[in-house]
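Undergrad: Go by the hints and put chain B onto chain A.
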Amino acid sequence: MADAIDSQARQEAEASTTFHLAEDDHGHGESSPVLLGFWIYLMSDALIFAALFATYGVLSTSYAGGPAPRDIFELELVALNTAILLVSSITYGFGMLAMEAGKARSVQLWLLVTGLLGAAFVSVEVYEFGKLIAEGATPQRSGFLSGFFTLVATHGLHVTFGIIWIVIMMVQVGQRGLIPENKRRLMCLSMFWHFLDVIWIGVFTFVYLLGMLR
Amino acid sequence: MSSTTTAAADTIDHELHSHGDTHGHGSKRSYLIGFGLSAVLTAIPFWLVMAAPLANPGLTAALVIGAAVAQILVHTICFLHVNTQGEGGWTLVAYLFTGVILVITIAGSLWIMYHLNSNMMPGMMTGQVSTSP
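Sequence lines, in order, name chains A and B.
Quick note: the first sequence uses our numbering, first residue 1, plus one each step.
Quick note: the second sequence uses our numbering, first residue 215, plus one each step.
Isolated chain A, as found in the complex (with noise of 0.2 Å):
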């Protein structure tokens, strides 16, 4: 049995070798499918996006006697929130350095940072959600209020699926190291989570600001 796979596994290194040295002929080949196909992914993620975005901008007005951005909405936590997940943005970007670098202990040690600043990212919404729920806003008021609850929301949720994939990045780099298939991972993990202060941008744009000016 342990025969049989260690020739399956001499087999593939060796097809895999092969196909590397005909490809090295010609300078360029196929790469990693993998990194490809999460960029698909995260497209298709942002037409979520896009569908949940004109849902709100439809209902944005819809207030049926309920309180309006101006009422409800604190700029200063909004502000609070952008700068956290900014931060994170750069000390995930640190920690693909470290990751080229080869040094498994910084690539574990901006994980962090950067989880705990998910974390507080995660915390301020929740804790602004609890407010504006406590004060009567809750998404059932009005349209508007479903509409931004949905979105902001489903962010929020793409965030904290972030925090625990960088959890598991922490586990699966502590154990293994920087090998190719986690280096492949923390890849797909970066697009991952600079995806989400992309959106990020357009959340905080189109409406805290400019429900504000509303």
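Careful: at least some of the hints might be erroneous.
To be verified - Pair by pair, the computed Cβ-Cβ distance ranges are:
#  : chain 1 : residue 1 : chain 2 : residue 2 : range
1  : B       : Leu277    : A       : Leu112    : 35 to 45 Å
2  : B       : Met327    : A       : Ala120    : 30 to 40 Å
3  : A       : Arg70     : B       : Trp304    : 38 to 48 Å
4  : B       : Met334    : A       : Val171    : 54 to 64 Å
5  : B       : Asn270    : A       : Gly174    : 46 to 56 Å
6  : B       : Leu268    : A       : Arg176    : 49 to 59 Å
7  : A       : Ala68     : B       : Ala284    : 23 to 33 Å
8  : B       : Met334    : A       : Val34     : 41 to 51 Å
9  : A       : Ser123    : B       : Ala253    : 15 to 25 Å
10 : B       : Asn270    : A       : Pro33     : 46 to 56 Å
11 : A       : Asp71     : B       : Ala265    : 15 to 25 Å
12 : B       : Gly250    : A       : Ala104    : 24 to 34 Å
Rather than coming from a laboratory, the hints here were simulated on the basis of the structure.
Quantities reported herein were computed from a predicted structural model and do not represent experimental measurements.
Beta carbons: idealized from backbone N, C-alpha and C, even for Gly.
TA: Positioned in the frame of chain A, the structure of chain B alone reads:
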């Protein structure tokens, strides 16, 4: 067993690094430039809305949207490293395609629903088309 695994790992490593320098690869400089530009492009819209230095809300809104578009581009280039070479250009093509669909979905929905609202105003009942939003 271990030697073959290492060999396989080496080839994957080679695969990740030899070509199509795609995602997650950036220099410290590009991250710092991206961070600096993003900080400025975040501070400007928040200042415009919170301190309200401009009396015209329409102009303020236009500047806020402009800063957001600029910041999304900065993030795409400096943090997501989207360029014409990545994955043979497919990353960029997918990104642009998504951008087109995104604009159609959001702008189209707002446009249609705005007109629907305008035309469903009580003015319809008396045969007059309402011009109020």
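Undergrad: If a hint holds in the structure, say so; if it doesn't, say that too.
TA: Right, here's what the structure says about each hint:
no., hint, verdict
1, Leu277/B <-> Leu112/A: 35 to 45 Å, "holds (37 Å)"
2, Met327/B <-> Ala120/A: 30 to 40 Å, "holds (36 Å)"
3, Arg70/A <-> Trp304/B: 38 to 48 Å, "holds (44 Å)"
4, Met334/B <-> Val171/A: 54 to 64 Å, "holds (56 Å)"
5, Asn270/B <-> Gly174/A: 46 to 56 Å, "holds (55 Å)"
6, Leu268/B <-> Arg176/A: 49 to 59 Å, "holds (55 Å)"
7, Ala68/A <-> Ala284/B: 23 to 33 Å, "holds (28 Å)"
8, Met334/B <-> Val34/A: 41 to 51 Å, "holds (49 Å)"
9, Ser123/A <-> Ala253/B: 15 to 25 Å, "holds (22 Å)"
10, Asn270/B <-> Pro33/A: 46 to 56 Å, "holds (50 Å)"
11, Asp71/A <-> Ala265/B: 15 to 25 Å, "holds (20 Å)"
12, Gly250/B <-> Ala104/A: 24 to 34 Å, "holds (29 Å)"
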